[in-house]
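Assemble chain S onto chain V, guided by the hints.
So the sequence lines, in the order shown, correspond to chains V and S. Be aware that the first sequence starts at 1, since it is given in this note's numbering, and climbs by one per residue. Be aware that the second sequence starts at 1, since it is given in this note's numbering, and climbs by one per residue.
If you're looking for bench data, these hints aren't it; they were derived computationally from the structure. A virtual CB, placed ideally from N, CA and C, is assigned to each residue, including glycine. A couple of the hints might just be wrong.
Which bits of chain V does chain S cover? Going by a derived footprint, with three or more residues having C-beta under 8 Å, they are [unchecked claim]:
no.	segment
1	89-101
2	179-186
3	274-286
4	329-341
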Amino acid sequence: MAPPNVATPRMRDPDERALVELERVSKSFDVSPPWLERTLQRAPRRALRAVDGVDLAIRRGETVALVGESGCGKSTLARIVVGLVDASGGVVRYDGSPLYGAGVAADAATLRRARASMQMIFQDPYASLNPRWRVGAIVAEPIVAADRSRSRASVAERVATLLEQVGLAAADRHKYPHQFSGGQRQRISIARALATAPALVVCDEPTSALDVSVQAQVLNLMADLKERRGLAYLFISHNLAVVHHIADRVLVMYLGRIVESAPRRALFAAARHPYTQMLLDAVPDPLRPKSRDAGDADGTGNGAPRLASELPDPLDVPAGCGFHPRCAFANARCRVETPVLLDVGDAHRVACHAVAEGRVAPRVAIPIAG
Amino acid sequence: MRDGRDAARRATQRGAAPALVVRGLTVTFAAGRATLTAVDGIDFEIASGEVLGLVGESGAGKSLSGAAILGLVDAPGRVDGEVWLDGRRIDTLDPAAKRRLRGREIGAIFQDPLTALDPLFTIGDQLAETLRTHFRLAPDEARREAVALLQEVGIPGAAARYSQYPHQFSGGMRQRVVIALALAGEPSLLVADEPTTALDVSIQAQIVALLGRLARERGMAILLVTHDMGVIASVADRIAVMYAGRIVETGTAAEVIARPRHPYTKGLMASIPSLADDRARLAQIDGAMPRLGAVPAGCAFHPRCGVALERCTRERPVLVADAAGGAGATACWRLEDG
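With the rest of the complex left out, here is chain V (with noise of 0.2 Å):
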């Protein structure tokens, strides 16, 4: 249906300046008793930090994907990069100039022009087209936003054209989103977030709520359009697979934290962090055959102990790093000092003291072809 690929996306050297910088951003929401409750029990305020200092900066062109378990902060994250959500620290920046963030205020057309080149997908496409308007209304509200100005002659040709790029038919504009399957919705999702022609799409588990065979036509589609427009993606998927076909960049996040960040070929070949490990030897894949009782850390003595117990309450954050109650190579300074994030090579960063003191060894997980 496209063309083969002759230069694949992440061939290509994304552009060095950053599109999107994030620096040291936190957020935290808070969650207290009630007023009544506090004051009668002397229950104390309670807050929990979803995002957690966090670095990150997507260049043009770039895919960059942000893996973890449900409650680790991804999707908080990724409002913040849109601006769905306000940071409680830190600074989100957009071509060089803040653009949110604690004590930043950016003016009306900067706003104006970052808000209309960062756009979002989300994840249920059941959910995230209103039922009561036609597909052409729906794609066409960000245009008409924009620019004010614009004739309706011009708006119904440039929402014919987006339907088309996106593998719909012109004449789909009339119909209401019902009449659609999950995959042709995720389509309109997408024609709507590319109306405003924007350089980044921030994709919140995009592809989760699809059949295998339907998601292999929106991943395909989602490359075509990177390819086509030079857009920028920031990826979000707890599907390592998935991630290991889409992605240039893989950060992992783990209770706020990114723990691990790497071009995606060093990450595969040699994950460092015991989670990103955890992670990968989670994945079912059909197609690389492991022993079957790889997961069977249940309590029986006979499993193995690597994947032990869930995420901890995000309300109550183990001390040191967040990830030792669950690390089989946890010692004294993991449970009291919290890790950094450290390069150890190639644009390969890691949060483990146990990575930095060579307890761990990296962990290949694709195998190596020939």
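Just chain S, lined up with the frame of chain V:
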């Protein structure tokens, strides 16, 4: 770990009666004058201790097949065909007998563990009550049994967690509790409908491994309904692939995954992103699963099939055993015509 599965396979080979036999299972819905066929005459059996993976994409009819076996398809749905459990026909039982069967001889677990638990009772009470529904047990015996079950499904500190409420458990631990509830009646068949879909990948692996272990240790047959080939690959002994209400391919898990024969299964396998390859583009099957009432004539897959023949548009293919001597069967005219 292989012993249990091999034993089960030997048992089937020796001709021991399988735990579950399904023949011509059909589920239809009357819609005005038309009749919509959601499950269209499927056959399969599962031996004791064996895990059969029923795979398919949304709308293939896989969940409905599971519901039909459980006797959970309500009017206006209509179930035809035969379902035999341990040599007894169960689809013809009256509603009260079916209800007794569920939970006792057939356990069931579903996608969302939270909706399967009562938020107002401790998990221990729920388990003990379930046990006392099935067996004549004194309260303290029921409690001991319940704690033992919680231990069996891998809940650490089972005795202490006995008196906790569902909201105090994480998603993965809740699904373990639900599995313990399903095991309470010592069922010979467990129907697991997308049991890992709502869970994180790391937890998925644990739950899948647990199901595999339970099948082996208890000699329980498991019907695992899922869309996730990865889950199937890690636990199923055999696979049945469904498309538009029909089984299009069956075989051992290793066979179907390594050497799929039906064009749909081939396309499905090729569309899965894998850590083991480095393709720039994924193979994709264009189009979508047909809607109920708009299932194409002949082979339901022919409009999306790259190798369809003229015959495929007219005649419906039947499952034919692998001519090369494998254990599988495929419903495809292409394979028959060479």
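A quick look at each hint next to the structure:
1. 89-101: Contact hint for the segment 89-101 of chain V vs chain S: violated, 0 residues under 8 Å.
2. 179-186: Satisfied; 4 residues make the cut.
3. 274-286: Coverage by chain S holds for the segment 274-286 of chain V (9 residues, Cβ < 8 Å).
4. 329-341: violated (count 0)
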